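Engineer: Chain A is already provided as a structure; the job is to place chain B on it using the hints.
Sequences listed follow chains A and B, in order. For the record, in the first sequence the residue sitting at position 64 is 64 according to our numbering, with numbers rising by one throughout. Here our numbering = 1-based position in the second sequence + 110.
Quick caveat, the hints were computed from the structure, so don't treat them as lab data. One should not assume that every hint holds.
Stated by the list, open to error - No farther apart than 25 Å at their CA atoms in a straight line, the calculated lysine-lysine pairs in the DSS-like style are these:
# : chain 1 : residue 1 : chain 2 : residue 2
1 : B       : Lys128    : B       : Lys165
2 : B       : Lys167    : B       : Lys181
3 : A       : Lys67     : A       : Lys56
4 : B       : Lys113    : B       : Lys165
5 : B       : Lys113    : B       : Lys180
6 : B       : Lys113    : A       : Lys42
7 : B       : Lys167    : A       : Lys2
8 : B       : Lys167    : B       : Lys180
9 : A       : Lys42     : B       : Lys123
Remember, it's a predicted structure, so these values are computed and weren't measured experimentally.
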Amino acid sequence: QKEVEQDPGPLSVPEGAIVSLNCTYSNSAFQYFMWYRQYSRKGPELLMYTYSSGNKEDGRFTAQVDKSSKYISLFIRDSQPSDSATYLCAQGTGANNLFFGTGTRLTVIP
Amino acid sequence: DVKVTQSSRYLVKRTGEKVFLECVQDMDHENMFWYRQDPGLGLRLIYFSYDVKMKEKGDIPEGYSVSREKKERFSLILESASTNQTSMYLCASRATGGSGNTIYFGEGSWLTVV
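Isolated chain A, as found in the complex:
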C-alpha cells in the first residue's frame, strides 16, 4: 500500500466552480500536511501548510485535514484559469523526508 494515495485526474471545471482535491494516507505518524501547486515544466511551489486537524484558509484556498479518517482536502473557491496546474499533497513525520501524492492535474476552463 502506498503511503499516500491521490486521484491523478485529470479534472476539468468551468471558471468560477468550487474545486475539491483529495488525498488519503496510511501512516498515522504524519504530523505535517502540505499542498503544492506545480505549473507545467516548473518546480512545485508550496501553497498551503498545516500541522493539525481542522481547516486552514488562505484567500480562495482552504486546506482541510481529518486525522481520524487519514484524509486531506484542498478546496479552491471561485476557480480561475490561472489555477490550472497539478496539485500535489504531501505529508511528513518531522523526520527528513516528505511523502508525496502523485498529483492531480486540474484545468479551469474560461
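Structural biologist: Relative to chain A, chain B alone:
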C-alpha cells in the same frame, strides 16, 4: 523568499556520459534533496543530505551519486547515463525544526538521455 536554483534546465546527453546536475540554495538550509519526477509515479527521492559531506540514500539511489562539499550546494551525478534516467530532476531544500518541515523546490532540470 527561499530560492533554490538549478543551473541546468534542459539537457540532452548520450548513453554512457557522466552527467552533473547542480543545485544551490540561498537560505542556509541544513537539508537538501534530489528527486526525480515521472508521469504516474510522482516524486521519488534519490538522495538527501542533512549536513555538509553527509548523505543518505532515498528510495531510488541506484545509478546516482551525490556530492555536498558546501552547505549551499548539492550536486547529483549520473556516473553513466542510461535512457531510463530520462526524467525531470528536482532539487529541494529544507530547514530543520519549527515549520521547517516545509520543502522548497527548484525549477527542475529536464534530462533526456539518447
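Engineer: Against this structure, judge whether each hint is valid.
Structural biologist: Each hint tested on the structure:
{"no.": "1", "hint": "Lys128(B) with Lys165(B)", "in the structure": "20 Å, holds"}
{"no.": "2", "hint": "Lys167(B) with Lys181(B)", "in the structure": "18 Å, holds"}
{"no.": "3", "hint": "Lys67(A) with Lys56(A)", "in the structure": "14 Å, holds"}
{"no.": "4", "hint": "Lys113(B) with Lys165(B)", "in the structure": "21 Å, holds"}
{"no.": "5", "hint": "Lys113(B) with Lys180(B)", "in the structure": "16 Å, holds"}
{"no.": "6", "hint": "Lys113(B) with Lys42(A)", "in the structure": "14 Å, holds"}
{"no.": "7", "hint": "Lys167(B) with Lys2(A)", "in the structure": "19 Å, holds"}
{"no.": "8", "hint": "Lys167(B) with Lys180(B)", "in the structure": "19 Å, holds"}
{"no.": "9", "hint": "Lys42(A) with Lys123(B)", "in the structure": "21 Å, holds"}
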